[in-house]
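> Chains A and B supply the protein sequences, listed in that same order.
Using the numbering used here, read the first sequence as starting at 1 and increasing by one per residue.
Using the numbering used here, read the second sequence as starting at 316 and increasing by one per residue.
Among these hints, one or two may not hold up.
The calculated label-pair distances, taken between Cβ atoms and stated as ranges, are [said to hold, decoys possible]: (1) A713/B / R156/A: 52 to 58 angstroms; (2) E546/B / Q300/A: 35 to 41 angstroms; (3) G200/A / N559/B: 54 to 60 angstroms; (4) T347/B / L71/A: 37 to 43 angstroms; (5) Q114/A / A713/B: 27 to 33 angstroms; (6) F430/B / P64/A: 38 to 44 angstroms; (7) L71/A / E716/B: 42 to 48 angstroms; (8) V135/A / A490/B: 35 to 41 angstroms; (9) V135/A / D707/B: 56 to 62 angstroms; (10) V296/A / E553/B: 48 to 54 angstroms; (11) Q117/A / E553/B: 42 to 48 angstroms; (12) V46/A / D712/B: 45 to 51 angstroms; (13) W160/A / A374/B: 52 to 58 angstroms.
Below, in silico cross-link-like pairs of lysine-lysine (PhoX-like), each with a Cα-Cα straight-line distance of 25 angstroms or less [what the hints assert, rightly or not]: (14) K468/B / K590/B; (15) K468/B / K61/A; (16) K61/A / K526/B; (17) K528/B / K61/A.
Don't read these hints as lab results, they were simulated from the structure.
Since this is a predicted model, take the numbers as computed values, not measurements.
We treat Cβ as the ideally placed atom computed from N, Cα and C, and that holds for glycine.
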Amino acid sequence: MSQFAQSSDAAALASTRPPRRARRKFNVMSILGTTPMILTAVGVFVVCIIFSFIWSFTNSKLFPNFNFVGLDQYYRLWASDRWNISVGNVFVFGIWSMVANMVFGYLLAVFMDQRIQQEDLFRSIFLYPFAMSLVVTGLVWQWMFDPNLGIQSAVRQLGWTDFQFAPLTNQSTAIYGVVLGGVWNGVGVTMAILLAGLRGVDGEIWKAAKIDGIPAWRTYLFIVLPMMKGAILTAFILQCTGVVRVFDIVIAMTQGGPGVSTQMPAIYVIQHITDRVNVGQGMAAASTMLLPVIAVLALQGILQWNARRKKEKAL
Amino acid sequence: MKKFAVVAAMATALLGSTAVHAADVEVIHWWTSGGEQAAVSVFAREFDALGEDKWVDTAIAGGENARAATLQRILGGDAPGAAQFNPGRQYEELISGGMLLDLTPLAESEGWANFIRPASISEACLVDGHWWCVPVNIHSWNWAWASIPAFAKAGVELPTSFDDFLAKAPKLKEAGIIPFAIGGESWQINGAFGVIQTSMLGLADREKILKDKDVELAKSLMPNVFTKFREFKQFADEGSANRNWNDTTNLVVTDQAGIQVMGDWARGEFGVAGKVAGTDYACLALPIDHPTVSTGGDIFLFPKQTDAAVEAAQLKMASMMVNPQVQALFNNAKGSMPIRDDVDMSLADDCMKKGLEIIKDPANIAVDAGRWLSNDTTGQMNDLVAQFWADDSMTVDAAVEQYVNILATAE
């Protein structure tokens with residue numbers, strides 16, 4: 001109660017002061033208010049990351065310790081086939097699922113934009129997969145791809161007995177099976193975001209394009225698409241986060257198999273700090289996963305700093 | 316029905332939580348297949364029958380997941396009352412970290428050391444003169460499960476060796492039968508690999524490689540093992556990727572597949588399906604000309620608790636688990652062998668009797684590789700063997716090189 005009284009006093013006081021002073025007072029209050037959040041963020045993220053990094057140079061097993069072994073954990077990590085395959089898989093999975101999501105998402109959005117009947121119904125159908133957990137998605141697709149239960153056996157029963165479609169059973173195609181499951185899950189959201197972007201484009205543009213006799217497909221591709229940068233960026237960022245944290249759909253669909261062909265870095269980390277009881281190795285993998293993120297952040301920071309400096313010079 | 320029992324047990328536990336002496340003991344285990352559930356229900360039923368204390372069942376599918384959950388909960392200060400592990404090095408740091416209830420007084424008063432046999436089973440729990448866990452069964456990996464009707468349909472006799480099987484497998488395939496049933500999970504593949512390795516090398520050389528980490532011996536002997544192992548792949552079905560062990564066993568149970576190399580927990584699945592050993596299926600102890608039994612199995616450990624009532628209940632549970640009557644009922648449902656000799660053998664089926672006959676001679680005992688290798692090393696071997704199985708472009712030389720490297724860096 002007294003705190004509240006104090007703050008309203010402060011506000012009353014502030015209002016009588018010149019505006020610059022008032023803003024600083026407000027800052028102090030907001031810093032006070034966000035302190036718990038700042039402490040949590042620093043404690044959980046910064047401190048934990050620092051410890052992960054330190055432990056990655058130790059031979060920690062179940063209990064983290066400080067017996068330093070230099071870069072041994074990193075040598076072992078990069079000598080491991082499984083880790084190298086995992087790293088490759090993130091890129092394969094990331095690039096293919098992003099390209100597929102964007103292309104099919106945009107096509108679906110254009111389709112929905114044709115003033116079709118029952119648009120709400122279709123939108124719900126396309127969005128529905130996203131409401132499902134990736135574990136459920138993964139399991140359902142695993143069944144569909146199962147050669148004895150799924151699409152392959154269904155088509156064979158129809159009479160095409162040579163039909164082959166079981167991507168998850170072959171180590172060179174399994175990762176694309178996972179991509180397909182992931183795209184089915186994510187394409188609806190991309191469609192919804194891009195559709196919102198499409199609807200945000202001024203109707204006058206369409207009229208102008210029509211008067212100029214430009215065909216609709218060219219308008220969509222060369223005029224409207226460049227005008228919806230915001231929507232595209234949002235969809236892109238959402239997908240990036242999905243790729244980095246890819247874990248559950250792989251566990252549900254293949255458990256990283258056949259062999260180690262669909263392993264992902266996140267699975268490697270979690271398996272080593274839990275069942276394999278090798279915290280040091282898990283932390284080395286986790287720290288390595290952090291490196292590209294830090295590199296991107298650093299790049300962004302440098303670019304921003306550069307841009308600001310240029311702006312200041314221009315002034 | 317079982318679900319109802321669990322719910323009822325939890326409900327009564329909640330209602331009775333004000334009573335002083337009753338305690339809930341939460342038990343984490345990974346027994347989720349049909350035969351396994353039948354077995355774990357024996358424990359739960361017998362424990363609940365002892366008095367007010369209740370067995371609270373936390374089944375987590377997959378050994379890796381269950382062990383991970385237990386370890387994380389112990390580290391996080393929310394330890395379960397009891398947890399399943401495999402005997403060996405999986406819990407060595409829990410012991411050295413002082414996180415487990417010391418069962419020594421109970422074990423000494425009941426004389427566990429006198430009746431738990433063979434020694435390699437009690438050694439898993441008896442560390443430096445203290446009992447840290449309860450062995451509940453002996454599971455052997457060294458079995459193959461064969462469908463008699465499937466071999467009859469193909470018109471061939473049951474195999475007498477791995478080479479004999481490879482020679483007969485094309486006949487099975489022609490008859491529309493999957494000759495070699497295997498699930499694509501890495502532990503299943505590595506398990507079958509281990510059995511083939513034991514059969515080809517013999518116990519002495521196997522011990523030199525896995526226990527003493529004899530790198531030179533591994534270099535000279537392992538190429539043959541990897542080469543032979545690859546020959547089996549052509550006889551597996553394409554649905555094997557990511558298939559559970561019990562779904563794989565079911566292929567043999569329903570006569571769709573010829574044999575499965577799998578530990579004797581598979582016997583529980585045949586039991587649940589009402590199949591009879593000798594007419595519906597055959598249990599082949601491996602290697603067939605000189606059968607061995609490996610000393611795998613399950614143990615329960617009891618993390619330290621702050622509540623004295625829970626601790627008393629933990630000791631009661633430990634005592635119940637080694638009780639001769641419970642041992643007979645539990646192991647018969649589970650497909651494993653009891654950890655003591657003096658149980659009622661009238662309950663045992665033919666396969667269990669076969670196993671018990673083999674285990675009498677210590678020369679037939681293949682110590683489970685988990686005693687010598689840490690979870691980390693076993694995991695690396697799982698990865699390697701699964702990769703070798705799935706990836707035909709990986710050469711035998713490359714696989715042996717990695718195998719030797721894993722041995723050389725093992726702790």
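> Verify the CB-CB distance for T347/B and L71/A against the hinted window 37 to 43 angstroms.
holds, 41 angstroms
> Given a hinted range of 54 to 60 angstroms, is it respected by the beta-carbon distance of G200/A and N559/B?
violated, 49 angstroms
> Kindly confirm whether 38 to 44 angstroms is satisfied by the beta carbon distance between F430/B and P64/A.
holds, 40 angstroms
> The hint says 45 to 51 angstroms between V46/A and D712/B; measuring C-beta to C-beta, is that right?
holds, 47 angstroms
> Taking the beta carbons of E546/B and Q300/A, is their distance inside 35 to 41 angstroms?
Violated: the Cβ-Cβ distance is about 54 angstroms, outside 35 to 41 angstroms.
> Tell me if the beta carbons of L71/A and E716/B are separated by a distance inside 42 to 48 angstroms.
Violated: the Cβ-Cβ distance is about 22 angstroms, outside 42 to 48 angstroms.
> The hint says 52 to 58 angstroms between A713/B and R156/A; measuring C-beta to C-beta, is that right?
Taking Cβ atoms as reference, A713/B and R156/A lie about 36 angstroms apart, which means the hint is violated.
> Is it true that the C-beta distance of Q114/A to A713/B lies inside 27 to 33 angstroms, as the hint says?
violated, 55 angstroms
> Evaluate the given range 52 to 58 angstroms for the C-beta pair formed by W160/A and A374/B.
For A374/B against W160/A, whose Cβ atoms are near 42 angstroms apart, the range 52 to 58 angstroms is violated.
> Within 35 to 41 angstroms: is that where the Cβ-Cβ distance between V135/A and A490/B falls?
holds, 38 angstroms
> Could you grab the alpha-carbon distance between K528/B and K61/A and see if it respects the 25 angstroms cut-off?
holds, 21 angstroms
> Does 42 to 48 angstroms hold as the CB distance between Q117/A and E553/B, or does it fail?
Hint holds: Cβ distance 44 angstroms, inside 42 to 48 angstroms.
When the structure is compared with the earlier hints, violations turn up for hints 1, 2, 3, 5, 7, 9, 10, 13 and 15 and for no others.
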